[in-house]
Amino acid sequence: MDKHRRTFLKRAAGGAAAAVASSGAGAFPRREELPLPPNAIGMLYDSTMCIGCRACVDACKEANDMPVEQPAKFSDWNQDTWDTAEDLSGRTLNVIQVYADGTKEHKDEVENGYAFVKRHCLHCVDPSCVSVCPVSAMIKDPDTGVVTHDRDACIGCRYCVYGCPFGVPQYEFHDPFGQITKCQFCIHLQKEGRLPACCDVCPTGASLFGLVEELQKEAEQRLAAKPGEPYVFPRGKLGDDKYPPHEAPLPEYEPYVYGVTESGGTQVRYLTGVPHEKLGLPEVQAASFASIAEGMQHTLYKGMIAPLALLAGLMYFAKRSTRQDSDDED
Amino acid sequence: MTAVSDTDLLFNRLAKTELDSYEGGLGGLTRREFLKYCTGIAATMGLPTVAGVQMAQAATASQRPPVIWLHGQECTGCTESLLRSYHPTLESLILDTISLDYHETLCVGAGKQAEAHKHKIMEEFHGKYVLVTEGATPTKDGGIYCKIGDKPHVEHVQEAAEGAAAIIAIGSCAAWGGIQSAHPNPTEAKATHEVLNGKTVINIPGCPPNPYNFISTVLYLLTFNKPPELDQENRPKFAYGRLIHENCERRPHFDAGRFALEFGDYGHRQGFCLYKLGCKGPETYANCPAIGFGDVGFGAWPIGTGHPCFGCTMKESAFNKPIHALADVKTYAPPTAFPAVDAPKGGGISPGAAAIAAAIGGAALGAAAVAMRKMPGRVDESDNTEHSD
Amino acid sequence: MAHASHSPLGGKLLTKPFLVLLIFALIGGFFIARRFIFGLGDVTHMSGGYPWGIWIAVDVIIGTALGCGGFAMALLVYIFNRGVYHPLMRPALLGGLFGYTLAGLAVVIDLGRYWQTYNLLLPWFAQPNSVMFEVALCVMAYIAVLWIEFSPAFLERFGLTAVRDKLKKYMFVFIALGVLLPTMHQSSLGSLLLVMGSQLSPLWYTIWLPLLFLVTALAMGYGVVILEATVVTNAFALPSEQRILGRLSPLVAWLLGGFLVLRFLDIAYRGHTGLMFAGDLNGFMFWLENLMFLGATVILGLRSTRTNQRLMFLASILLLLAGSLYRLDAYLVAYNPGNGWTYFPSVPELMVTIGVISLEILLYLVFIKKLPVLHGVRPVQSH
Numbered sequence: 011m012d013k014h015r016r017t018f019l020k021r022a023a024g025g026a027a028a029a030v031a032s033s034g035a036g037a038f039p040r041r042e043e044l045p046l047p048p049n050a051i052g053m054l055y056d057s058t059m060c061i062g063c064r065a066c067v068d069a070c071k072e073a074n075d076m077p078v079e080q081p082a083k084f085s086d087w088n089q090d091t092w093d094t095a096e097d098l099s100g101r102t103l104n105v106i107q108v109y110a111d112g113t114k115e116h117k118d119e120v121e122n123g124y125a126f127v128k129r130h131c132l133h134c135v136d137p138s139c140v141s142v143c144p145v146s147a148m149i150k151d152p153d154t155g156v157v158t159h160d161r162d163a164c165i166g167c168r169y170c171v172y173g174c175p176f177g178v179p180q181y182e183f184h185d186p187f188g189q190i191t192k193c194q195f196c197i198h199l200q201k202e203g204r205l206p207a208c209c210d211v212c213p214t215g216a217s218l219f220g221l222v223e224e225l226q227k228e229a230e231q232r233l234a235a236k237p238g239e240p241y242v243f244p245r246g247k248l249g250d251d252k253y254p255p256h257e258a259p260l261p262e263y264e265p266y267v268y269g270v271t272e273s274g275g276t277q278v279r280y281l282t283g284v285p286h287e288k289l290g291l292p293e294v295q296a297a298s299f300a301s302i303a304e305g306m307q308h309t310l311y312k313g314m315i316a317p318l319a320l321l322a323g324l325m326y327f328a329k330r331s332t333r334q335d336s337d338d339e340d
Numbered sequence: 496m497t498a499v500s501d502t503d504l505l506f507n508r509l510a511k512t513e514l515d516s517y518e519g520g521l522g523g524l525t526r527r528e529f530l531k532y533c534t535g536i537a538a539t540m541g542l543p544t545v546a547g548v549q550m551a552q553a554a555t556a557s558q559r560p561p562v563i564w565l566h567g568q569e570c571t572g573c574t575e576s577l578l579r580s581y582h583p584t585l586e587s588l589i590l591d592t593i594s595l596d597y598h599e600t601l602c603v604g605a606g607k608q609a610e611a612h613k614h615k616i617m618e619e620f621h622g623k624y625v626l627v628t629e630g631a632t633p634t635k636d637g638g639i640y641c642k643i644g645d646k647p648h649v650e651h652v653q654e655a656a657e658g659a660a661a662i663i664a665i666g667s668c669a670a671w672g673g674i675q676s677a678h679p680n681p682t683e684a685k686a687t688h689e690v691l692n693g694k695t696v697i698n699i700p701g702c703p704p705n706p707y708n709f710i711s712t713v714l715y716l717l718t719f720n721k722p723p724e725l726d727q728e729n730r731p732k733f734a735y736g737r738l739i740h741e742n743c744e745r746r747p748h749f750d751a752g753r754f755a756l757e758f759g760d761y762g763h764r765q766g767f768c769l770y771k772l773g774c775k776g777p778e779t780y781a782n783c784p785a786i787g788f789g790d791v792g793f794g795a796w797p798i799g800t801g802h803p804c805f806g807c808t809m810k811e812s813a814f815n816k817p818i819h820a821l822a823d824v825k826t827y828a829p830p831t832a833f834p835a836v837d838a839p840k841g842g843g844i845s846p847g848a849a850a851i852a853a854a855i856g857g858a859a860l861g862a863a864a865v866a867m868r869k870m871p872g873r874v875d876e877s878d879n880t881e882h883s884d
Numbered sequence: 005m006a007h008a009s010h011s012p013l014g015g016k017l018l019t020k021p022f023l024v025l026l027i028f029a030l031i032g033g034f035f036i037a038r039r040f041i042f043g044l045g046d047v048t049h050m051s052g053g054y055p056w057g058i059w060i061a062v063d064v065i066i067g068t069a070l071g072c073g074g075f076a077m078a079l080l081v082y083i084f085n086r087g088v089y090h091p092l093m094r095p096a097l098l099g100g101l102f103g104y105t106l107a108g109l110a111v112v113i114d115l116g117r118y119w120q121t122y123n124l125l126l127p128w129f130a131q132p133n134s135v136m137f138e139v140a141l142c143v144m145a146y147i148a149v150l151w152i153e154f155s156p157a158f159l160e161r162f163g164l165t166a167v168r169d170k171l172k173k174y175m176f177v178f179i180a181l182g183v184l185l186p187t188m189h190q191s192s193l194g195s196l197l198l199v200m201g202s203q204l205s206p207l208w209y210t211i212w213l214p215l216l217f218l219v220t221a222l223a224m225g226y227g228v229v230i231l232e233a234t235v236v237t238n239a240f241a242l243p244s245e246q247r248i249l250g251r252l253s254p255l256v257a258w259l260l261g262g263f264l265v266l267r268f269l270d271i272a273y274r275g276h277t278g279l280m281f282a283g284d285l286n287g288f289m290f291w292l293e294n295l296m297f298l299g300a301t302v303i304l305g306l307r308s309t310r311t312n313q314r315l316m317f318l319a320s321i322l323l324l325l326a327g328s329l330y331r332l333d334a335y336l337v338a339y340n341p342g343n344g345w346t347y348f349p350s351v352p353e354l355m356v357t358i359g360v361i362s363l364e365i366l367l368y369l370v371f372i373k374k375l376p377v378l379h380g381v382r383p384v385q386s387h
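Protein chains in written order, with the working numbering: chain A, 11 to 340; chain B, 496 to 884; chain C, 5 to 387.
Hints were generated in silico from the structure; no laboratory data involved.
Where hints are given, some of them may not hold.
Chain A regions said to be covered by chain B (calculated; three or more residues, Cβ under 8 Å) [said to hold, decoys possible]:
| id | region |
| --- | --- |
| 1 | 108–114 |
| 2 | 188–198 |
| 3 | 211–220 |
For every residue, glycine included, the Cβ atom is placed at its ideal position computed from N, Cα and C.
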């Protein structure tokens with residue numbers, strides 16, 4: 011109960027701050043936010059259902075043909091055995107990380123507890139990476155909303171890596187011909203009628219694939235039900251019977267669905283048992299950063315009118331000055 | 496090296512003296528075989544070789560401790576399991592190591608004769624005998640749902656516990672209530688320790704428990720006159736200290752995300768992890784994967800034969816949770832393998848880089864200072880060759 | 005008349021400073037070679053959290069600001085028609101030439117897929133919403149413009165005065181472009197950060213970033229001109245430009261004053277004043293920047309500065325340090341991707357930056373000795 015009140019207060023305070031901030035930024039033009047694509051597909055990640063088996067990490071590596079990762083600092087105990095990615099990287103498209111506190115006894119509790127989080131692309135509705143890419147290498151599918159990367163277009167400027175509020179796109183720094191890597195929702199598997207590898211393999215349905223709107227309903231349904239009540243958790247794909255669902259008591263959730271409003275909304279939903287910022291899911295404002303940056307650019311460079319007018323003026327003055335100059339000289 | 500040879504010396508000395516003098520008490524085993532068995536038991540419990548020799552001594556002592564074995568609400572599965580122990584065989588245990596004076600399945604006498612013998616032992620060896628309970632104890636309506644000799648089981652247990660030197664609850668029914676205590680629990684079945692307030696009861700849960708966990712505990716008691724190290728639920732730590740998940744031979748499949756989805760499918764035939772079928776290994780504390788059942792070698796245990804563990808040793812799992820329900824993974828070892836959300840990452844500052852950065856700053860400031868000192872301060876304006884335009 | 009007074013400095017090329025700079029440039033070259041053979045990770049500390057290191061923040065973002073001398077002077081000389089400053093024009097252009105060309109070089113070293121850089125020019129890949137797209141095209145065009153603007157020095161050197169005079173007729177186009185393009189991309193270097201949002205401290209993140217970056221670029225451009233003129237005239241015993249520089253200083257003071265007022269008012273308006281006093285690294289860097297800006301503003305605003313070379317020099321140093329720090333902070337120090345990421349440049353990474361800067365100074369020395377760049381050089385070329 012206390013947990014809920016705290017979260018509520020924090021949200022209220024955050025909302026007030028956001029209102030103040032938006033009133034300030036309101037004076038400036040913003041590009042209209044993009045709507046959710048018509049057949050937007052996404053994922054619901056339920057942190058309380060995650061058991062940390064990392065089957066998704068392994069399946070992802072296999073499905074996307076990525077090598078295992080072994081940072082040098084773990085070499086004393088890990089000799090070519092375990093995949094020990096610390097975070098997303100050029101070799102790791104999804105990763106299970108842990109929040110741990112004190113004795114780490116209780117799952118999904120802040121004090122003396124621990125909680126898992128799966129990090130991968132959130133497939134933003136209005137993605138910064140697509141907005142910032144100078145060569146259209148990042149593309150958002152207009153129908154499904156999946157954000158994909160075209161390495162043949164990419165020049166490797168890494169602005170997408172720098173600009174993503176969730177730290178998702180990565181560059182292969184240890185390859186002289188490195189490329190940008192990111193979760194592309196296993197579109198190559200989806201074309202064969204298969205599920206994204208992480209959702210396909212998840213034993214508990216913590217990673218659940220489906221249409222964003224249905225996933226949102228599912229998430230709201232879980233939040234609305236009473237903690238402790240038995241609940242049937244789907245596995246694999248929501249509304250699909252490839253995998254039988256399983257029944258378990260509903261955990262006590264943080265009363266917030268992460269990913270709905272963040273940076274203009276995303277196509278991934280997170281349900282967590284501890285506050286999301288503990289899990290490295292940052293507080294991100296609702297106005298998408300892409301719409302702010304593009305709004306500025308579109309205002310300054312609308313139809314290139316302002317720059318051309320400026321150029322004409324500059325040419326007039328420059329011509330006058332240089333003529334005087336040469337008059338003086340000659 | 497010296498430590499090893501000391502042990503060997505002690506081993507030989509003890510073996511030659513005490514055991515040579517004992518006639519016919521080795522259950523048909525040669526002296527060496529018997530020593531081997533005892534050291535094997537010691538190894539099972541993680542004890543040093545010397546303890547094995549000491550066990551051999553205790554087991555061959557002329558006065559075998561009497562044991563009273565009571566049956567409540569149960570299926571005799573624990574006894575059946577014990578009957579199938581091979582090292583030692585049950586007869587060597589009950590004839591040579593202990594004196595099994597009362598056991599409803601195994602005793603020769605019956606009816607009033609058996610009861611009378613039990614009472615005799617309880618009086619004669621007051622404070623010295625070992626009480627073993629098998630099965631749950633019903634408590635509803637004064638415990639009338641399980642009667643032996645026209646007396647509720649609960650009274651038998653309480654009576655026998657009075658003068659017991661040690662009490663062992665074998666099997667899940669005796670250890671935590673077992674299937675009888677599952678919802679709706681019509682007889683209000685309880686565990687042995689629940690009807691014996693204040694007495695220490697060593698719990699050996701399992702359905703059935705591994706016989707060697709019981710035998711090892713008994714031998715430890717005989718040898719050291721104290722129970723082995725117990726956890727908070729009074730289970731011997733050597734047997735219940737670790738999750739099945741930690742030692743499971745199918746664990747690599749779990750880590751790699753290879754799961755059997757239904758019985759008989761490809762993954763099941765390939766020996767994939769049974770977690771999705773409801774295996775409770777990740778929430779069950781027991782040493783099954785380490786010692787197996789039935790003495791037939793590696794893999795002879797439920798998960799090894801393709802059935803998900805149903806968590807028989809755990810009150811919260813067995814009979815209280817559907818077999819297909821997913822386990823709560825209790826641990827995430829090895830802990831270092833999980834990256835923390837905020838683990839420090841990235842190229843940090845190195846002494847060399849710091850020195851270079853400082854040198855650049857210093858050089859720039861130094862150069863500026865020198866340049867400033869060298870240049871004339873006020874410039875006479877008349878000196879200037881100003882451009883006119 | 006203006007061009008007539010420009011002449012090569014002459015003198016020996018292989019001086020001690022030249023050799024030292026050459027060694028640094030070669031060390032940098034070694035690590036650049038390693039970068040191309042073994043990848044960026046081999047020489048840099050860049051990571052998933054900090055994908056842009058000092059090669060971008062220093063070589064490009066600060067480097068181009070230091071190369072804004074040409075931009076600032078062109079604005080003054082040709083647009084506001086202040087012919088007085090004309091003698092400073094060519095050295096400033098040369099500084100800009102190297103600042104930008106080597107920034108371009110740094111970008112190519114830094115680009116992860118440099119062999120596809122030409123994709124920027126292919127219309128079917130163009131992404132006009134991207135600030136980076138605008139910056140890239142704009143900087144490329146400006147480098148070309150800078151070379152054209154500077155080309156009279158070459159043409160004079162090789163006696164192609166006819167070509168020079170023909171070019172001069174159309175020079176106004178390039179002069180106009182030479183002001184427009186930096187206005188566009190220097191403000192866009194600020195716009196580049198607009199997408200950072202929550203990853204950048206609110207002390208730096210503001211919708212005014214484009215304007216703040218443009219103003220610092222101009223101010224730093226003037227700062228570089230002051231520094232260059234003071235150092236070169238002293239080092240090579242040329243007649244002082246102090247009088248011209250003195251006229252410049254109130255202008256820069258006004259520019260900087262405006263910058264400071266806008267910055268503080270904006271932070272106060274957005275309600276982040278508390279962050280200035282948070283006592284953390286960001287707060288410290290914020291004050292360091294602004295106190296140096298303020299110092300430069302005050303000194304340049306003083307009447308006595310106009311005739312005092314030392315004060316002028318001090319002000320330009322403060323101004324350049326403050327401006328550089330502002331850019332470094334905005335791109336690296338105040339940028340926090342969260343989740344435990346840290347960054348400090350590695351030794352090879354630093355050596356590459358030092359190498360690039362050394363090459364810049366080295367080429368500057370070669371150019372002023374061999375080409376008619378400087379003003380007021382005496383015909384007797386003994387040194």
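Against the structure, the hints:
no. : hint    : in the structure
1   : 108–114 : holds (count 4)
2   : 188–198 : violated (count 0)
3   : 211–220 : holds (count 3)
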